[in-house]
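**Q** Chains A and B, in that order, give the protein sequences. Going from the first sequence to the working numbering is simple: count from 1 and add 1. Going from the second sequence to the working numbering is simple: count from 1 and add 766.
Hint data in this document are derived by calculation from the structure and do not stem from the laboratory. Check before you lean on any hint, since a few could be wrong.
Pairwise CB distance ranges, derived in the manner of DEER restraints [to be verified]: (1) A:I78 <-> B:N1437: 32 to 42 Å; (2) B:A931 <-> A:S66: 34 to 44 Å; (3) A:F64 <-> B:G1350: 36 to 46 Å; (4) A:D69 <-> B:P903: 54 to 64 Å; (5) B:A1344 <-> A:H6: 53 to 63 Å; (6) A:D61 <-> B:G1047: 36 to 46 Å; (7) B:K1314 <-> A:D61: 35 to 45 Å; (8) A:P40 <-> B:G1047: 50 to 60 Å; (9) A:D55 <-> B:G1047: 50 to 60 Å.
Listed next, the stretches of chain A that the computed footprint assigns to chain B, with coverage defined by at least 3 CB atoms under 8 Å from CB atoms of chain B [stated by the list, open to error]: (10) 4-13; (11) 52-66.
Glycine is no exception: its CB is placed at the ideal position from the N, C-alpha and C atoms.
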Amino acid sequence: MAQVHFSAGLREFTGGVSQVQVEASNVRRLVAALDDMFPGIGERLSEGSSVAIDGEILTDAEFESVPDQAEVHFLDILQGG
Amino acid sequence: MAITEENPGYKWVGTRPIRPDGLDKVTGKAQFGADLTLPGMLFGKVVRSPHAHARILSIDTSAAESMLGVKAVITGSDFPDLVANGAHPMAIDVSHNAIARDKVLYEGHVVAAVAATTRELAEAAAKAVEVSYEVLPHVLTVDEAMADNAPLLHEGMITKGVDPAPDQPSNIASRIVHERGDLEQGFGEAEVVVEREFTTKPVHQGYIEPHAAVADANSDGRANIWCSSQGHFQMRADTASVLGVSQGTLKVTAAEIGGGFGGKTVIYLEPIAVRLSQRAGRPVKLVMDRDEVFRATGPTSGTRIKVKMGVSNDGKLTAAEVWMAFEAGAYAGSPVGAAGMTVIAAYDIPHFLVEGYDVVCNKPRVAAYRAPGAPMAAFAVESVLDELARSIGMDPIDLRLANAAVEGTQASYGPKFPRIGFVETLEAIKEHPNYTAELGPNQGRGVAAGFWFNAGMNSSATVHINENGTATVVTGSPDIGGSRQSMALMAAEELGIPYESIKPVVADTETVGFTDVTGGSRVTLATGAAVVDACRIVIEDLRARAAKTWDVEVDQVEWVDGQAQHVDGSQPPLSLDALAAKSGRTGGPISANASLNARGVGAAFSTQVCDVEVDPETGVTRVVRYLTAQDAGRAISPDYVEGQMQGGVVQGIGWGLNEEYVHDQNGNMENPSFLDYRMPVASDLPMIECCIVEVPNPAHPYGVRGVGEVGIVPPMAALGNAIKDATGVRLTDLPMTPIKVLEALNEQSD
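Build out the structure end to end from the sequences listed, making use of the hints.
**A** Next up, the structure:
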């Protein structure tokens, strides 16, 4: 089970829940599982976020593996200069 | 000076050879955006709004069109209506920023464009375009834009990130928030609490080369574009979106670039040039002048930031509360999100609340500028840290060391940090002689630190082995910070051939695989990883060819120092030259492609110390000594790493002491030239001393982190802290001009 942490900005979708445990083999399935739990959050996560899995920040990570016990954070997409 | 965790024994990586683009640039042969001339080419000129906020009532182009030699005149109506097409809001903003439709939202907003046979005629035709406006009230700052009953830029803008969503529109595009712990408890545990409010002005990236684009449209719908940008694939995508055409119809060639710093990641002239070329049936060149660059291209945000922080007497930070409002300019998209994620990320603080607002106003749409958002945030927090250190009588570096993020620290924006080198940069400064050098009269010393994420993203590379054993390394990353040299050094290291035998090339959008922009300090990491991958594919191919030549299994062949060697030495080595010369007999030309979405991004930290001398009679601040320590992971090209470190510092010094957009009451910029917008030049500054810290990024084949941006994060706070040390006054409004220093000194003496 991955431990998914929600930033304060995402908690409007989770009713204030700050973290949940989710069983998912990759990011796409994890987002789908989250959307089942918190309807609407899937679209928000898909339209503009990076994901950090065990500290590594990834973009376009739909098919990235989510290891068991992984710590997952969704972040705003960043723009560099 | 460099601190290295290990000595990897590289032959080329970490050396300082002559840069591959140097000769062309010093002899004037390099082709920048404005240098291209095509047969039959026309000259374009853009018509810009004189108003900060106005409704376009009508545009009469008839007089311009009737002028002899004028070949095309276009307005917003010549472009697709992306609103009606249901396009993504960001695509609509990009389109409307390129050329206004019903409203202009800042002085300099494009309303029309012309193409004519001479530059002078184009300028005359542009003046002949008659635009009728209904001038609207404007807002120039976050304070004005967030005020009750403020004039609205976008009547349908409902603030995102607020629950429940507001039922009325405003100029606040979005709200971000990060929080952890219990603020009341955190401040309750503090022995000292400092609260300050800071303001910063919009500043421009200040690249030397103005924007330029040449477009040549064909009658079959295809078009070629040559332009100065940080990413020609991005230019292709955005231009295609604005024009409403398939990306495949556009070929974009990256011209040599004279600086970008984030400001050339967006389109301005490209779709205009293509449309003019389509209408005229001839190539069209558009070149901005400096005035246009200032008035119409992205500066970074002006801001208002409030910071409250608490510390215990033993130097542990207990709580932080940050409120930020960032100007986005005419369309949503300020870097407040990144500011919120970086503002306290360098420190392990148990209780915090960070709240930020993205606010539109009647100024040019902001564009990325080196570590977007982080410098303003750091100015505020690092100034408050200095106050806290003073309050508890602690050395400012010791305070930072006591709270510094390390591997495993839960960053304020969420995840735990992997291996990082913040502590090493702090220690490098503390151990340097500059930190204890004697100060003269009216001099003071300031310390500040900064954090930036760096980026990975998509890159492609192709490596060709030429018939004589030299190599061509082809990438899609415009070289704004030395990437050609870095690519060549890594390829030389991989292939085992001299750096001089590698030719690095930046190819157009039809010649190399998709590559994201040169930005986010990502190219040495991501494009470098693609180059390394392509080289390793080539080496596998070379081993197989040597095995075929020797009639042995491939596992009997090693690649060492640029040649194939049999593991037991039973065969004379085969050099790359020899294998290349006979490549036709062993399978044909030797070449490999690699494309990747880079993983393993390594965060960057910088710590800086500066000494200033403040003239008590004039208020002039002179930088007398400056040292920057930055974790590069691995400095592939130390010359360029130092150049990036120094460049970031110098831009930060300009931001801190001189630079600002000045507007009159009508919203017109009053200082759109380098004469009145004063950037520092070499004669203003001492040598910026560099200490490259190398804490290798374990996820990159050479340990690269990325170095282009974080250097600009600490300087403004370092300067403010040094001025405080020299004078006793704390300045909280950038830039810290002589007038502001004098006013503060006078208030202090009253």
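**Q** Take the hints in turn and mark each one as holding or not.
**A** Checked hints:
1. Separated by about 33 Å at the C-beta atoms, A:I78 and B:N1437 satisfy the suggested range of 32 to 42 Å.
2. At roughly 35 Å, the beta carbons of B:A931 and A:S66 sit within the given window of 34 to 44 Å.
3. In this structure the supplied range 36 to 46 Å holds for A:F64 paired with B:G1350, their Cβ-Cβ distance being about 40 Å.
4. Checked against the given bound of 54 to 64 Å, the beta carbons of A:D69 and B:P903, roughly 58 Å apart, stay inside it.
5. As the Cβ distance of B:A1344 to A:H6 is approximately 56 Å, the hint placing it in 53 to 63 Å holds.
6. Between A:D61 and B:G1047 the beta carbons are some 40 Å apart, a value that agrees with the proposed interval 36 to 46 Å.
7. Checking the proposed 35 to 45 Å range against B:K1314 and A:D61 shows it holds: the Cβ atoms sit about 39 Å from each other.
8. Roughly 53 Å separates the CB atoms of A:P40 and B:G1047, a value that falls within the hinted 50 to 60 Å.
9. At roughly 57 Å, the beta-carbon separation of A:D55 and B:G1047 lies within the given 50 to 60 Å, and the hint holds.
10. With a cut-off of 8 Å between beta carbons, the stretch 4-13 of chain A has 5 residues touching chain B; three or more are needed, and the interface restraint holds.
11. As drawn, the stretch 52-66 of chain A meets chain B at 8 residues by the rule of a beta-carbon pair under 8 Å; at three or more, the given contact holds.
Checked against the numbered hints listed earlier, the structure breaks none of them; every hint is satisfied.
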